[in-house]
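So the sequences go chain by chain: C and H.
Heads up: take any position in the first sequence, counting from 1, add 18, and you land on the working numbering.
Just so we're aligned: 116 in the working numbering is position 127 of the second sequence, and the numbers increase by one with no gaps anywhere.
Think of the hints as simulated: they come from the structure by calculation, not from any bench.
Treat the hints loosely; a few may be bogus.
Derived DSSO-like pairs (lysine-lysine); straight-line CA-CA distance at most 30 angstroms [to be verified]:
#	chain 1	residue 1	chain 2	residue 2
1	C	K455	H	K101
2	C	K70	H	K94
3	H	K311	C	K70
Cβ-to-Cβ under 8 angstroms is the rule here; a few derived chain H residues that face chain C [claimed, not checked]:
#	residue
4	I50
5	L73
6	N317
Non-contacting residues of chain H with respect to chain C, defined by C-beta distances greater than 10 angstroms in every case (computed) [what the hints assert, rightly or not]:
#	residue
7	S99
8	A155
9	F258
10	P259
All C-beta atoms in this analysis are idealised placements derived from N, C-alpha and C, irrespective of residue type, glycine included.
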Amino acid sequence: MDALDVARWQFGVTTVYHFLFVPLTIGLSVLVAILQTMWHRTGNERYLKLTKFYGKLFLINFAMGVVTGIVQEFQFGMNWSDYSRFVGDIFGAPLAIEALVAFFLESTFIGLWIFGWDRLPKRAHLASIWAAAIGTNLSAYFILAANSFMQNPVGYRINPDSGRAELTDFPAVLTNKVALITFPHTLAGSFLVAGSLVAAVGLWHVIRNRDSTDTGAYRFAAKFGSWVVLVASAAVLFTGDIQGKIMTEVQPMKMAAAEGLYTTESPASFSVLTVGSLDGSREVFALKIPYLLSYLGTGDPNGTVHGINDLQAQYATQYGAGSYTPIIPVTYWSFRFMIAFGMAAAAIALLVLWSQRKGRTPSSKWLLRAGLVMPVLPLLANSFGWIFTEMGRQPWIVFGEMLTRNGVSRSVSLAEVLTSFTAFTLIYATLAVIEVKLLLRYARAGVPDVSETPPSDDTDDAERPLAFAY
Amino acid sequence: MDLTTIWFLLIAVLFTGYFILEGFDFGVGMLLPVLGRDDRERRVLINTIGPVWDGNEVWLITAGGAMFAAFPEWYATLFSGFYLPLLLILLALIGRGVAFEYRHKRPEASWKRRWDAAIVVGSLLPAFLWGVAFANILRGVPLDAEHEYVGGLFDLLHPYALLGGATTLALFVTHGAVFIALKTTGDIRERAGALAVRLGVGAAVLAVGFLTWTLSIRSSAAAVVLAVGAALALLGGLAAARVRREGWAFTGTAVAIGLAVATLFAALFPNVLPSTLDAAGTLTATNAASTPYTLKIMTWVAVIFTPVVLAYQGWTYWVFRKRIGVANIPQH
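With the sequences and hints as input, model every part of the structure.
Written as structure tokens, this is what we have:
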């Protein structure tokens, strides 16, 4: 074990952890904004209750996304300083723009939304949640543009004197085809999570809390969330398909690693499940769909998909001796888990909608159990998606330009990085337990009572309690 | 003015904004057990910064991002070199941020006590460590010819840096007391106003000592003028606090912190991180900078969006301009 390994583990753990909260922030901000808009438009109190209810769950989650996000920005300089030096001219710009253009918007307006219930005119208050939601989604775009440069570097040159990457075409970085497709794919994945949470909590109350006067609100939530999941899963599949083709083109090794495809095939069949020896010399068991991989990778059922061994030989000639192959079991299984968990959530969403068809009230214990795991499934899908795309890029930190091992900070000792890794892991684990307990507590508590008459706007009563207070 | 100078100034502005704004957030956090005698009073204190603390913290994130984009060498060397202090700052900010949101989510006193502790420690540590970090930036640290930090943790903890930490801590806690006096009503307001004056005297002594020491390490005409301005603003703020002119007192401490940070940057220029070993290791606004193309794009983005950000953040402060007191805290 050396500092490099620990730095990599720390980056993996902190990033996957950060991205447990981000999808919910991205998706739920928009869903809460939609609910509040429905209340604004219809005046139906049901939507106000749901806005406040899911708004609270959103905020419990939001805090975690914010504080774990600062770590991400600092971590590049702390643990990956040679990487930062190498790409700073290009990679820093989207991060800085994200903070200035998106994160300020999100953080400022979320404050206005939380505390503004009785301070702002209704329209301005509604606009605040939309501004925060837009900020959140914009933020994802800039971060993904930065990440896409690592997957498929564009718009740059290598300065022969300094050996550093230099920006030559900023619009090209922002319109990197990997970024343009990863952004909708990530958003769709986020709505899969947010929709699942909304549906699952609604369903739980529909089944467990049958005599509640708010059953109508919960039924609506279960259906609304399920529809979001279904639409999002269609979008995930559609964008994922395009992403696969772009990946085959710009990172063929990643595609081969996703499939455990060792030798070039045309046509290539898609492996549903393969158990074999790791060097690809022998298959123990294989379940394959002919032509599918060719179609997924190239759009042509007879297209050529390059295998790991051929690509390895090609890269060794191109970049010099060494291994250019990711860890195949990690990429192979994370790719499958991503798809399976995501689709499982969609299947449960269908069940939830079916169970409520024509005004029926579901009561199945099995459906209740399925509902309980529903929000966890797309979260896992998101995590495995990131593990796949980042591990599939290895051994590169910037594909074709810099190896991960050359990006690590030289001045940071093993003891230091072990300290930070341990500290982050402990504090993150503790906070995870606290967060989940709080979410469950508030999810169980149900929608709030909103019947108290709102104070009229003309009374300037300094003694009046705040509508919301920490 | 060339682009590297513009970006040096912008980084200075971002850190100045950050310390003025999050300075009082830290101050309020540190004073939580001092001025908040019961749970409702503590809630009053937290709610004075409730709507704005998160937006204030984005100044730091923007400063970090801007440093990465405009001066990658500076960002890389500084963040890897100051590893453990930055780790502590991160852990503190994590605990404090979550605490604001979670503290009131359960009724148990033990639950609240724990989050209160996270707020106090999470405010105190960064308030001290930022001073330590900036004192080290100004004095310089051991960098080799490749701009790599070659010192250890204890090379960062010399008397000058510790004085820097004590100074920012004292300034922020004073700034926080003044802010509380400005934003609350009743008994808390009175106690905060009285405390601000007492804290401010200590802060003034530390600040004058630290700035004098700073100017003896490196200096420029602009730095001297700014340092004198900082001292005068702090004294003016304290005089206003004494007669309970809270708006002026807050203006005084805000300007004092802003000018003190500006002093450090003015004294530092054109260096961004001097080396105490090899002069070739010194990072300057020129040798740490990105290419002119990147800086030009970033300048356009900053020119367009900074006024927008200032406008809506300013509007937030206007929306939440009213004072609050225990009567405004809901029963549950």
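We went through each hint and held it up to the structure:
Using a Cα cut-off of 30 angstroms, the hinted pair K455 (chain C) and K101 (chain H) holds, with the two alpha carbons roughly 16 angstroms apart. A hinted pair counts as satisfied when its Cα atoms are at most 30 angstroms apart, and K70 (chain C) with K94 (chain H) qualifies at roughly 15 angstroms. Under the criterion of a C-alpha separation no larger than 30 angstroms, the hint pairing K311 (chain H) with K70 (chain C) is consistent with the structure, at around 24 angstroms. A hinted interface residue such as I50 (chain H) counts as satisfied when its beta carbon comes closer than 8 angstroms to some beta carbon of chain C; here the least separation is about 5 angstroms, so the hint holds.
The closest approach between the C-beta of L73 (chain H) and any C-beta of chain C is roughly 6 angstroms, which is under the 8 angstroms cut-off, so the hint is satisfied. The criterion of a C-beta within 8 angstroms of any C-beta in chain C is met by N317 (chain H), whose closest approach is roughly 5 angstroms, and the hint holds. With a closest Cβ-Cβ approach of about 13 angstroms to chain C, S99 (chain H) is found to remain outside the 10 angstroms limit, as its non-interface label requires. The beta carbon of A155 (chain H) sits about 24 angstroms from the closest Cβ of chain C, which is more than 10 angstroms, so the claim that it is off the interface holds.
Against chain C, the non-interface label of F258 (chain H) holds: every CB pair exceeds 10 angstroms, the least being about 20 angstroms. Under the 10 angstroms C-beta cut-off, the non-interface status given to P259 (chain H) relative to chain C holds; the minimum distance is some 19 angstroms.
When each numbered hint is compared with the structure, no violation occurs for any of them.
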